[in-house]
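Asks: One letter stands for each residue in the lines below.
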Amino acid sequence: MRIRIGRVGRPHGIDGAFFVEEPSEDERWWKTGARFLADGTPVEVVAHRRSSGRPVIRVEPAVERGAALEVEREQLPPTGEDEWYAFELVGLEVVEESGRVLGTVKSVEPGVANDVLDLGGDLLLPMVEDCVRQVDVAGGRIVVATGFAD
Amino acid sequence: MRVAALYDVHGMPWALESVLAEVDADEIVLGGDFVGGPYVEETLALVDALGAHLIRGNAEDADPRFASLPLTVELDGVVYCHAAPTANTPLTTAATLDADVVELFGPTGTFVIGHTHHQFDRRIGALRVINAGSVGMPYEGEVAAFWTVVEDGEPAFRKTTFDVERAVRELRASTWPGAEEFIAENLLQAVPREAAIEHFEARR
Numbered sequence: 030m031r032i033r034i035g036r037v038g039r040p041h042g043i044d045g046a047f048f049v050e051e052p053s054e055d056e057r058w059w060k061t062g063a064r065f066l067a068d069g070t071p072v073e074v075v076a077h078r079r080s081s082g083r084p085v086i087r088v089e090p091a092v093e094r095g096a097a098l099e100v101e102r103e104q105l106p107p108t109g110e111d112e113w114y115a116f117e118l119v120g121l122e123v124v125e126e127s128g129r130v131l132g133t134v135k136s137v138e139p140g141v142a143n144d145v146l147d148l149g150g151d152l153l154l155p156m157v158e159d160c161v162r163q164v165d166v167a168g169g170r171i172v173v174a175t176g177f178a179d
Numbered sequence: 002m003r004v005a006a007l008y009d010v011h012g013m014p015w016a017l018e019s020v021l022a023e024v025d026a027d028e029i030v031l032g033g034d035f036v037g038g039p040y041v042e043e044t045l046a047l048v049d050a051l052g053a054h055l056i057r058g059n060a061e062d063a064d065p066r067f068a069s070l071p072l073t074v075e076l077d078g079v080v081y082c083h084a085a086p087t088a089n090t091p092l093t094t095a096a097t098l099d100a101d102v103v104e105l106f107g108p109t110g111t112f113v114i115g116h117t118h119h120q121f122d123r124r125i126g127a128l129r130v131i132n133a134g135s136v137g138m139p140y141e142g143e144v145a146a147f148w149t150v151v152e153d154g155e156p157a158f159r160k161t162t163f164d165v166e167r168a169v170r171e172l173r174a175s176t177w178p179g180a181e182e183f184i185a186e187n188l189l190q191a192v193p194r195e196a197a198i199e200h201f202e203a204r205r
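Chains A and B are the protein sequences, given in the same order. For the first sequence, this note's numbering assigns the number 30 to the initial residue and increments by one for each residue that follows. For the second sequence, this note's numbering assigns the number 2 to the initial residue and increments by one for each residue that follows.
These aren't lab readings, by the way, just hints derived from the structure by calculation. A virtual CB, placed ideally from N, CA and C, is assigned to each residue, including glycine. It is possible that some hints are incorrect.
Facing chain A, a subset of chain B residues (Cβ under 7 angstroms, in silico) [claimed, not checked]:
no., residue
1, Leu45
2, Asp49
3, Ala50
4, Arg66
5, Ser69
6, Ala127
In isolation and in its complexed conformation, chain A is listed as follows (with noise of 0.2 angstroms):
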């Protein structure tokens, strides 16, 4: 299993450097050393830095923009207790705490200020603690306060 943490963005310089879209908030994938997948081919980062807050990194061999940048399942560290990584949660039943039934997760989308959990149907909830009251991954379902999905 192949977990996506970034898509090559636009160029930064005239060195090959490009910003990382949508890129994971583990800092250690835009180290230089760090390695990775970029639309399946195997990269390594050969220089860093950061623009605007956000990473931006060359790579070889030089990949074309939009390309997926993933990592096996395995390369990812464990996570600790109430830590969990956002694919884990796509097929968690979502629970209201009143024990009313809201669906299940199909996505997990990325925001300019919180996550959102995507229900389908329009019904997104932001990942947020007056929200999200517990994530239960081995369970299987997450427990939401009541009123965010009226």
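Please build the complex by placing chain B on the supplied structure of chain A, with the hints as guidance.
Replies: Relative to the frame of chain A, chain B by itself:
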């Protein structure tokens, strides 16, 4: 510290892009209402790249993507908020009575707001309320992007022209349902400042 206060972009990436080309600041504050307009996703892509301080305006209230945004950001002793420190909907204009402004903001402090889309600098005793203007939907009698640089608590009002013809062309080619109305009201003509003040004061 130089802070660029960019408020009320209202989904107008053409205006925001032009402003960003001129911004020379240590920090950028996006003062709310960056959505609520024609090209929201394109605007958000620009916003995402900025690493700016984001404030929740009333246009962001109903969108779960912005639920974690604060109502205020404080930089260098200046409070940045969309309309007021405790709510993002009160209306304050260049003509609002002094007593009403003090009641809303308190007797002291410097606040940078937006929401009513026209620039002003109100000093009432020890209180100072600055409206940064609107990048994407200004009510200033002129089609341009209006914003403010705040340096050591002192505002410098800025105005940036942008490619209006391109914005009109691309908006007309878009599927956004409100395109023609938006073009007619905001790009082919400008809402006069006095008309906006009268409009808002009547609704206070």
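Asks: Sort out which numbered hints this structure fails and list those numbers smallest first.
Replies: Going through the list in order, the structure violates hint 6 alone and respects the others.
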